[in-house]
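Chain by chain, the residues run as shown.
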Amino acid sequence: MTGMAPATKIENADPTCALAPVGLLAELTHRCPLQCSYCSNPLEMERPNTELSTSEWQSVMHQAGEMGVLQLHLSGGEPTARKDLEEILESAVKAGLYTNLITAGVLLNKERLQKLADIGLDHVQLSIQDVDPANADIISNYKGGAQKKREVARWVREIGLPLTVNAPLHRMNIENLPNIIDYAVEVGAERLEVAHIQYYAWALKNRAALMPTHEAFMKTVDIIKEAKERLKGILVFDFVLPDYYAKYPKPCMGGWASGLLSITPSGKVLPCHASESIPGLKFDNVKDKSLLDIWMEGNAFQAFRGTDWMKEPCRSCDRKEIDFGGCRCQAYALTGDATNTDPACSLSPFHEEWAKIADEEAHKEPPPVVFRRMGGAGKKDNIPQTEPAE
Amino acid sequence: MADDTKTKDQSDVRRTRLIVDAETKPILPRHIKLRHDKGRDVWLILAPERVYDPDDIAVEVLKLCDGKRSVTDIAKHLAEQYQAPKTEIANDIISMLQDLSDKGVISA
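Chains as they are written, first to last, in my numbering: chain A, 1 to 390; chain B, 1 to 108.
Certain hints may be false.
[To be verified] DSBU-like cross-link-like pairs, simulated, lysine-lysine; straight-line CA separation at most 30 angstroms: (1) Lys83/A - Lys287/A; (2) Lys103/B - Lys250/A; (3) Lys38/B - Lys228/A; (4) Lys250/A - Lys143/A; (5) Lys320/A - Lys282/A; (6) Lys232/A - Lys76/B; (7) Lys83/A - Lys94/A; (8) Lys287/A - Lys103/B; (9) Lys103/B - Lys247/A; (10) Lys289/A - Lys247/A; (11) Lys86/B - Lys68/B; (12) Lys228/A - Lys76/B; (13) Lys219/A - Lys232/A; (14) Lys86/B - Lys110/A; (15) Lys103/B - Lys232/A; (16) Lys232/A - Lys63/B; (17) Lys83/A - Lys68/B; (18) Lys33/B - Lys115/A; (19) Lys83/A - Lys115/A; (20) Lys25/B - Lys228/A; (21) Lys250/A - Lys63/B; (22) Lys86/B - Lys219/A; (23) Lys250/A - Lys356/A; (24) Lys68/B - Lys38/B; (25) Lys115/A - Lys247/A; (26) Lys364/A - Lys68/B; (27) Lys115/A - Lys103/B; (28) Lys232/A - Lys38/B; (29) Lys228/A - Lys103/B.
[Said to hold, decoys possible] Here chain A is said to cover these stretches of chain B; the calculated rule only asks that three of the stretch's residues, wherever they fall, bring their Cβ under 8 angstroms from a Cβ of chain A: (30) 66 to 78; (31) 84 to 91; (32) 95 to 108.
Note that these hints are calculated values from the structure, not bench results. The structure presented is a predicted model; accordingly, all values stated were derived computationally and were not measured. Beta carbons: idealized from backbone N, C-alpha and C, even for Gly.
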């Protein structure tokens, strides 16, 4: 009994439920007080006045429970920026969803966290930018975040909720990995997610400032290996590798439209949170259609479901149902064709050059980052560079 | 790497590893949910950012993990039910629960 149970592979199931997604990522809002330059939100973020209403989100939760979704990830932006988070959570709990709050923590107070726990929140995932407060401020372009997050971590423990610390890793904090591990132990977290950032959207725009060297990356592999053994039974590790330095691509989303779906603040339903970067896909909105119809038949979901869409080298590859050709968004962003093999794969004709560029960038002086903010990305062809944090 | 001296004042929240033995009284923590999924017709364990699909034996054991029964009690119960040697069952349960505990699914 290990890993995720892919709903698609469970036999004897009700036909609809057998195909139902295991997880739903609900991006309640794109508002966030932090401006991390590797944010996974799209470059063009959705404005607050386009966000779904309380009752629309509540309907989504009800539908998700009905169709067999198991886990709900309340995310953003910063989900606690929604004043009606409590009401949305209540609907999710009522629908039987396992609820996970993915938060930067800085907008929370203990009373609100207690209230969320009382409603039935199952788990908190708290992000940290670095253990060094000054560096955390620089990375997030937000002052005093680190101290506040430590406080939030303490409240989570005092209230008795389980805690995952999530530390996205990149060139600006990679040297502090041992201290990040110590931090997770100190605050009493059950889990530590150390995720080398994935280079889409903001992170792709800022790749030259964020990409670690191959040497620095390899060091993190050893550090995690040692810590896993030392902290067995104390801290569970989730370690996400950077696919720029991998041999095979990661099985993105466990296969397109296979086990996960994502909903944007305005109600667009996506096969993955980055999929809007692929032109030509048509995304349905929960305001117009049922979540089940969208999941089963929506254009964007059908586009790369299964393996029929694949070209070579994927089509004849014996790994095609292991990694599903990797990430469609990355294939599009870096090769101009979403049906190409993800260049993270060593079998991709783009792989060699691509990995070389990354390592070259990593050895150069980093350019200033473009902070994540509404309208901050500028035009696609003309990438403006803003000043770093004061 | 780990500097144990600098945070002694916070040692109260640090977790320790549970070593499962015959006397351990295992329990599923509040945030771990063992549930039968009607639509999929399977037992599932819902955990932070994970879904596990336990096999039939694991399900039987987990149903008995109520924080009151010890591993020995659970082994005795299952030994009677399945007419199997108690010691062998107890050893299997210990190794299974140790694995689950290391994954954060069981506490005591």
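A quick look at each hint next to the structure:
1. Lys83/A - Lys287/A: 21 angstroms, holds
2. Lys103/B - Lys250/A: 22 angstroms, holds
3. Lys38/B - Lys228/A: Cα-Cα ~36 angstroms, so violated.
4. Lys250/A - Lys143/A: The hint is violated at about 35 angstroms.
5. Lys320/A - Lys282/A: Judged against 30 angstroms, a Cα distance of about 25 angstroms means the pair holds.
6. Lys232/A - Lys76/B: 29 angstroms, holds
7. Lys83/A - Lys94/A: Holds. Lys83/A to Lys94/A sits at ~19 angstroms (cutoff 30 angstroms).
8. Lys287/A - Lys103/B: Answer violated: Lys287/A to Lys103/B is near 39 angstroms, above 30 angstroms.
9. Lys103/B - Lys247/A: Distance of about 28 angstroms is within 30 angstroms: holds.
10. Lys289/A - Lys247/A: It is violated: about 40 angstroms lies between the C-alpha atoms, which goes past 30 angstroms.
11. Lys86/B - Lys68/B: Within the cut-off at roughly 19 angstroms; holds.
12. Lys228/A - Lys76/B: 34 angstroms, violated
13. Lys219/A - Lys232/A: 20 angstroms, holds
14. Lys86/B - Lys110/A: Violated - the C-alpha atoms of Lys110/A and Lys86/B are around 48 angstroms apart, more than 30 angstroms.
15. Lys103/B - Lys232/A: 9 angstroms, holds
16. Lys232/A - Lys63/B: 25 angstroms, holds
17. Lys83/A - Lys68/B: 41 angstroms, violated
18. Lys33/B - Lys115/A: 21 angstroms, holds
19. Lys83/A - Lys115/A: Answer holds: Lys83/A to Lys115/A is near 13 angstroms, not above 30 angstroms.
20. Lys25/B - Lys228/A: 26 angstroms, holds
21. Lys250/A - Lys63/B: Measuring from Cα to Cα gives roughly 35 angstroms; hence the hint is violated.
22. Lys86/B - Lys219/A: Violated, at roughly 47 angstroms.
23. Lys250/A - Lys356/A: 19 angstroms, holds
24. Lys68/B - Lys38/B: Holds, at about 28 angstroms.
25. Lys115/A - Lys247/A: Between Lys115/A and Lys247/A the Cα gap is close to 46 angstroms, so the pair fails against 30 angstroms, i.e. violated.
26. Lys364/A - Lys68/B: 60 angstroms, violated
27. Lys115/A - Lys103/B: Given pair Lys115/A, Lys103/B holds - Cα atoms ~28 angstroms apart, limit 30 angstroms.
28. Lys232/A - Lys38/B: Since the Cα atoms of Lys232/A and Lys38/B sit roughly 34 angstroms apart, the hinted pair is violated (cutoff 30 angstroms).
29. Lys228/A - Lys103/B: 11 angstroms, holds
30. 66 to 78: violated (count 0)
31. 84 to 91: Contact hint for the stretch 84 to 91 of chain B vs chain A: violated, 0 residues under 8 angstroms.
32. 95 to 108: Our answer is that it holds, as 4 residues pass the Cβ test (under 8 angstroms) against chain A, meeting three.
Comparing the model with each earlier hint shows violations of hints 3, 4, 8, 10, 12, 14, 17, 21, 22, 25, 26, 28, 30, 31; every other hint is respected.
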